[in-house]
Each structure stands twice: as C-alpha cells, then as structure tokens.
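Participant: Listed here are the chains, written in short residue letters.
Protein chains: 2
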Amino acid sequence: MITRNIIKTIQSLKQTKYRKELQLFIAEGRKTVEELLLSTLEITALYATERFLKEYEIQDERLETVSEVQMEQMSALDTPPGILAVVKTPKPGPLKDDGMVLALDGIANPGNMGTIIRTAEWFGIKQIVCSDDCVEIWNPKVIQATMGSIFRTNIVSTDLVHFLDSVKLKGKAVYGALLEGENLFRMSQWENGVIVIGSESHGIRNNLIPLITHPITIPRAEGSVTESLNASMATGIILANYAAKS
Amino acid sequence: MITRNIIKTIQSLKQTKYRKELQLFIAEGRKTVEELLLSTLEITALYATERFLKEYEIQDERLETVSEVQMEQMSALDTPPGILAVVKTPKPGPLKDDGMVLALDGIANPGNMGTIIRTAEWFGIKQIVCSDDCVEIWNPKVIQATMGSIFRTNIVSTDLVHFLDSVKLKGKAVYGALLEGENLFRMSQWENGVIVIGSESHGIRNNLIPLITHPITIPRAEGSVTESLNASMATGIILANYAAKS
Numbered sequence: 000m001i002t003r004n005i006i007k008t009i010q011s012l013k014q015t016k017y018r019k020e021l022q023l024f025i026a027e028g029r030k031t032v033e034e035l036l037l038s039t040l041e042i043t044a045l046y047a048t049e050r051f052l053k054e055y056e057i058q059d060e061r062l063e064t065v066s067e068v069q070m071e072q073m074s075a076l077d078t079p080p081g082i083l084a085v086v087k088t089p090k091p092g093p094l095k096d097d098g099m100v101l102a103l104d105g106i107a108n109p110g111n112m113g114t115i116i117r118t119a120e121w122f123g124i125k126q127i128v129c130s131d132d133c134v135e136i137w138n139p140k141v142i143q144a145t146m147g148s149i150f151r152t153n154i155v156s157t158d159l160v161h162f163l164d165s166v167k168l169k170g171k172a173v174y175g176a177l178l179e180g181e182n183l184f185r186m187s188q189w190e191n192g193v194i195v196i197g198s199e200s201h202g203i204r205n206n207l208i209p210l211i212t213h214p215i216t217i218p219r220a221e222g223s224v225t226e227s228l229n230a231s232m233a234t235g236i237i238l239a240n241y242a243a244k245s
Numbered sequence: 000m001i002t003r004n005i006i007k008t009i010q011s012l013k014q015t016k017y018r019k020e021l022q023l024f025i026a027e028g029r030k031t032v033e034e035l036l037l038s039t040l041e042i043t044a045l046y047a048t049e050r051f052l053k054e055y056e057i058q059d060e061r062l063e064t065v066s067e068v069q070m071e072q073m074s075a076l077d078t079p080p081g082i083l084a085v086v087k088t089p090k091p092g093p094l095k096d097d098g099m100v101l102a103l104d105g106i107a108n109p110g111n112m113g114t115i116i117r118t119a120e121w122f123g124i125k126q127i128v129c130s131d132d133c134v135e136i137w138n139p140k141v142i143q144a145t146m147g148s149i150f151r152t153n154i155v156s157t158d159l160v161h162f163l164d165s166v167k168l169k170g171k172a173v174y175g176a177l178l179e180g181e182n183l184f185r186m187s188q189w190e191n192g193v194i195v196i197g198s199e200s201h202g203i204r205n206n207l208i209p210l211i212t213h214p215i216t217i218p219r220a221e222g223s224v225t226e227s228l229n230a231s232m233a234t235g236i237i238l239a240n241y242a243a244k245s
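If you read the protein sequences in the order shown, they are chains L and D. Quick note: the first sequence uses numbering that gives the first Met the number 0, first residue 0, plus one each step. Quick note: the second sequence uses numbering that gives the first Met the number 0, first residue 0, plus one each step.
Think of the hints as simulated: they come from the structure by calculation, not from any bench. Model, not experiment: these values are computed from the prediction. Keep in mind that a hint or two might mislead.
It does not matter which identical chain is meant; a pair holds if it fits inside one copy or across any two.
Below, a list of computed lysine to any residue pairs in the SDA-like style, where the Cα atoms sit at most 25 Å apart [to be verified]:
id: 1; residue 1: Lys30; residue 2: Val134
id: 2; residue 1: Lys19; residue 2: Val134
id: 3; residue 1: Lys30; residue 2: Glu190
id: 4; residue 1: Lys140; residue 2: Pro79
id: 5; residue 1: Lys140; residue 2: Leu37
id: 6; residue 1: Lys125; residue 2: Phe184
id: 7; residue 1: Lys244; residue 2: Trp189
id: 8; residue 1: Lys30; residue 2: Asn205
id: 9; residue 1: Lys13; residue 2: Pro79
id: 10; residue 1: Lys16; residue 2: Thr78
id: 11; residue 1: Lys244; residue 2: His213
id: 12; residue 1: Lys125; residue 2: Asp59
For reference, chain L alone in the conformation it holds in the complex (with noise of 0.2 Å):
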C-alpha cells in the first residue's frame, strides 16, 4: 500500500537534489514506462491509475493501484499520464573506444535534451557525453522528450576540456557546430571521434574552441535572416548528415 510517506519520498524526486542523494528518478507515460519496462533498468515502484488501466493493459506484479489525487501528487508533469515508476538511477557504462560519440556543452533547456537523445538513438549514436553543467538527464521532461531512448543510451557526465584532451590526443576528430566551419553539405565523408554541440544561448564556450579539429557550419538559405538553429535542431540535422555519409 502507498503510504504518505512513500508520496512525499516520490515528490522528492522532482528535485534534483533528492534524486542524486536517493540515486532513484521518476519515468511516467504508457511509451516511457512500457521502453521502461523493456530495458535493464531496475523498477523500484510501479504506480497507475484505474482509468489509466482501463485503457491500457500492464502486466508487472510490481503494479499498484492509487487514486487520480495520488498520481497529481507524484507526477512532476503538468498532464499526469496517469502511470508512474520509481527507478534506480542507473551507473554511465565506461566510454568505448567505437563509433561517433555525441558532446553537449551545457545544454539547459529539458526538451532540448531529451530530443537529443532520442535523435541521437535514431542515427545509432550510443554514447554521449555532457558537460558538468548540463541539464541534469534524469530530469522528468528529459526522460519524457526520450521517448524511451534515454533507456538504451549510455550517457556520462564529465569535464568537456578534459574529456576532449584526451579524443585530441588520440588523434581523433573533434568536430564542432560553429558559426564558421566547413559547409555541413559539403563535407564529403566524417572520421570517427567526437561531435560537439553548443549550449542554446552560448554555442560552444570558448575554453572548448582551440579543441575543435574540424568546425562545421549548417548552410543557412540565401537572404534567410534567422539568427540561428534551435540547438537539438541542429544537432538532429548535423547527425542526420553523418549517418548519411558513414
């Protein structure tokens, strides 16, 4: 039975804070928790609604019952999907030494993140790597714009500088969205190495700059005006582009 104490716990976990210092987050939605489900990822609590189950089957002797005030209480989203689970935050693998990886510096905004991550999957990124001050991945929005992806995707947390020393010094590729790169349409085929992507007000930091092996730029149409790509645009168009050249 779920007890007030046990709601409190999970309303905790709209925080940041709590879900580092407890090492659990909260997925919700039928997709999220049905890829939730499918995953390796270790289910603590599995909570619907009944008019959820009216519409949806779930089979998972963890399931329990609660009320529609219950769920509200829990949900950190603005509709509650109606299902919820509680689940163990789980430990980045080791970075592999294979296939393209993905570098965000200081994505914020949770959406953004999240459509990152589930285009990333798309064109078979499967490691990513975020700057410290990134949008926390465990973030409810994020795992709700990851239709699942965020699952199946192995995503470290790191010093960037630090992290792209090192690709440099294995004399991988660091490529990098910049104002001006190389014509994205233009390039003729990608190295294996490292993507980087810029923050949504910033772009690259600076300390990152002098990293970039290979700047790239996405072409903007002839007397387009628009300032700029939203970031997980331009990323989505950037790999979209390397998959179709590797």
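Assemble chain D onto chain L, guided by the hints.
Facilitator: Below, chain D without anything else, positioned relative to chain L:
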C-alpha cells in the same frame, strides 16, 4: 495609461477564440519584439517593465511602462520576459507558384509548430500551408519558438486535400514523410512542389496519402529501436536535405 479593461482584453488574447474575434495577438520577449519592430506588422500597444528597461533599451513611442504585477497578468508565458506587444493579425498573402512549399497536416504541439517555422525560414522556405486543425500559429508559445521567423513567413491555413489536389493537377511533386518511402539520403535531387509533414501522433492522414507523389523516409540506423523522430526534427532533417540538394 494602461487600465484594468485593457489588461482584461490582453488577457483574453491568451485564447484562440478572442484572438480570432479581435484579430489581435500578443508577442513577448526581447528577441521576438525586436524582430516585430523590424517587420511590417502593425503593433497596437507595447508594454515593458522597469526591470526589463534597465537591462535593454527600447526606443519606441508606443512604449508604456507597466508594473511587474500588470505584466504577469498580461503575459501568456510561464516566465514573463518583461516585454509584450499587442499586434494586429496579418492576413496571409496569396500562395505564390514558386519555391518549395511546406504543408503541415495536424501539427498540434505549439513548440513543434514554432520550431518548424523557424527552421523552414533558415532553409529558405517562404510559404507554409497548414491543415485547418493545426495549432493556431498566433498561439504565444508558437510565436516564442519561431524566434521572429513567423513575422517573415507566409503561413496559410486551408483544406489540405483540396490544396494538394491542385498542386498535383499542375504536375508538381508532392513529397510526403512516410514510414516506407525513398531513402532521404539517396535522393539525388528535388523538384519544386510541396513537402507534406504529418502530425506528432498520426503522421500524414489517410485521405492525403493518395495525393503523395514522392514518399520519402528518414532512414534509421541499423539496430536502432527508436520508433520515430519528433515531428519538427523530421521536418528539419528533410528540409536540410532539400537545401543541400537544390
């Protein structure tokens, strides 16, 4: 001087119904208002908080200072940026028979709609045709996500069956993002015509499928189990490919 009645009217503009009735909409945020001031649209009122004006200088005779509380009452955004314009809804221009047109079938999420408009402008699309049931483009969240592009793009709302029928009759290409179409990455060139994008939940609707002359697909990496891409992401990736090959 701003009055309670004016505030009430502006508050009503958060709803589609009143935006349509009054033929007015609100635009908020520094970047959006800057782009608005550069556009040909007719601003009927312009409000900013003192706090905003301490940080950013705005020279405009229509500018009126309001209190934080008044701004919060008028703002349609979770975090009021401190500057808000009331604008006359422009009438869409006639569709011109040149360049690629983007057609949106039932895009419902304001963030997606805005990102699509912003990205389309980046890649040189000047005309967008929306099905009647797309999210209304003068929704504050759409406007915010376009970053000003909405003021420079001709966006028409219409019956898509009728529209695509007429395009096809002219012998033009109707591209459509479908699950089984030509591999986007292998397309050698694009003809002028229309690119149709389906909604977040249902894709392109059945009644439009027979009108698609060129089904196209964004290929997924081998081994990836992601079910789909976000609708605005798919649009951006297709438009980038179009821009690269035209």
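Participant: It remains to establish, for every hint, whether it holds in the given structure.
Facilitator: Hint check results:
1. In the homo-oligomer, the alpha carbons of lysine 30 and valine 134 lie at most 25 Å apart both inside one protomer (22 Å) and across protomers (23 Å), since each shortest distance falls under that limit.
2. Within a single copy, lysine 19 and valine 134 get their C-alpha atoms as close as 13 Å, which meets the 25 Å cut-off; across copies the closest is 38 Å, which misses it.
3. For the identical chains of this complex, lysine 30 and glutamate 190 are neighbours neither inside a copy (35 Å) nor across copies (37 Å), given an alpha-carbon limit of 25 Å.
4. When the C-alpha separation of lysine 140 and proline 79 is checked against a cutoff of 25 Å, the pair qualifies both within a copy, at 12 Å, and between copies, at 21 Å.
5. Proximity of lysine 140 to leucine 37 under the C-alpha cut-off of 25 Å is restricted to the intra-copy arrangement: shortest distance 20 Å within a copy versus 35 Å between copies.
6. Taking the shortest alpha-carbon separations for lysine 125 and phenylalanine 184, both the intra-copy value of 24 Å and the inter-copy value of 21 Å come in at or below 25 Å.
7. Taking CA atoms no more than 25 Å apart as the test, lysine 244 paired with tryptophan 189 passes in both settings, with 7 Å inside one copy and 19 Å between copies.
8. In this assembly of identical chains, the alpha carbons of lysine 30 and asparagine 205 lie at most 25 Å apart only when taken from different copies (24 Å versus 39 Å within one copy).
9. For the homomeric pair lysine 13 and proline 79, the shortest alpha-carbon distances inside one copy (13 Å) and between copies (23 Å) are both at most 25 Å.
10. Taking the shortest alpha-carbon separations for lysine 16 and threonine 78, both the intra-copy value of 23 Å and the inter-copy value of 23 Å come in at or below 25 Å.
11. Both within a single protomer and between protomers do lysine 244 and histidine 213 lie at most 25 Å apart by alpha-carbon distance, with minima of 16 Å and 23 Å respectively.
12. Within a single copy, lysine 125 and aspartate 59 get their C-alpha atoms no closer than 29 Å, and across copies no closer than 51 Å, so neither meets the 25 Å cut-off.
In this structure, the hints that do not hold are numbers 3 and 12, in rising order.
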